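Line order of the protein sequences matches chains A and B.
Residue 31 in the working numbering sits at position 16 of the first sequence; the count goes up by one each step and never skips.
Residue 100 in the working numbering sits at position 96 of the second sequence; the count goes up by one each step and never skips.
It is worth saying that the hints were derived from the structure and are not from the lab.
Note that the structure is predicted; figures quoted are calculated from it, not measured.
It is possible that part of the hints are untrue.
Claimed, not checked - Restraint-style ranges between C-beta atoms, simulated for each label pair:
1) A:SER56 to B:GLU21: 22 to 28 Å
2) A:LYS117 to B:PRO65: 18 to 24 Å
3) A:ASN72 to B:ASP63: 26 to 32 Å
We put the beta carbon where it would ideally sit given N, CA and C, even for glycine.
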Amino acid sequence: DAKTTQPTSMDCAEGRAANLPCNHSTISGNEYVYWYRQIHSQGPQYIIHGLKNNETNEMASLIITEDRKSSTLILPHATLRDTAVYYCIVDPPSGYALNFGKGTSLLVTP
Amino acid sequence: DVKVTQSSRYLVKRTGEKVFLECVQDMDHENMFWYRQDPGLGLRLIYFSYDVKMKEKGDIPEGYSVSREKKERFSLILESASTNQTSMYLCASSLVQGDTKQYFGPGTRLTVT
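The task is simple: from the sequences and hints, build the whole structure.
Here is the structure:
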């Protein structure tokens with residue numbers, strides 16, 4: 016499985032953009048990058064995924080470097096409700112189990 | 005929106021009891037999963053099912069069994085609960101095989117005393 020590396024924690028001021036990095040240097044050519052988040056005491060929630068091109072949806076933007084060895088999840092205007100643990104995941108070869116790892120704990124402050 | 009529901013948010017059971025955790029999804033998904041989540045260990049896959057009556061072991065199946073008699077329902081069974089099974093249990097579903105986009109339920113916080 017391609018491993019991912021994320022910072023343990025990050026802070027962001029409310030209203031500012033939160034940029035969460037992820038390294039996945041061993042990613043294969045056909046593996047997608049997925050982002051999930053988990054708000055305290057809730058189940059994980061899918062955010063966005065991508066292969067090569069940058070992606071945007073109503074929740075976030077995903078920027079993938081040209082060599083695909085890293086990506087950045089961008090929350091353009093962070094709110095207090097975005098405080099959560101954010102997980103960067105690469106497609107598992109089995110197609111089933113998600114390896115969530117430790118993720119990045121994002122704290123959005125007033 | 006896909007909805008995954010779990011039978012209880014909080015559950016307290018005694019050592020040795022048989023425990024049933026139920027999960028239901030309403031979007032006709034083929035795959036269903038049971039994870040447990042513990043501090044410092046992240047999410048670990050217990051069992052998954054890719055079709056009715058089919059099941060596959062995940063990373064930590066010992067002490068657990070599952071049942072999938074209907075497509076929308078996936079049950080996790082602790083045959084004889086032990087204190088080391090105190091955990092947060094999360095159910096998830098995905099549309100088809102190989103679909104990494106999984107939808108999670110709210111979780112069941114199980115305490116075994």
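A quick look at each hint next to the structure:
In this structure, SER56 of chain A and GLU21 of chain B meet the distance hint of 22 to 28 Å, their C-beta atoms being roughly 24 Å apart. A beta carbon spacing of about 23 Å between LYS117 of chain A and PRO65 of chain B agrees with the range 18 to 24 Å that was offered as a hint. Taking 26 to 32 Å as the suggested C-beta distance range, the pair ASN72 of chain A and ASP63 of chain B conforms, at roughly 30 Å.
No hint from the list above goes unmet by this structure.
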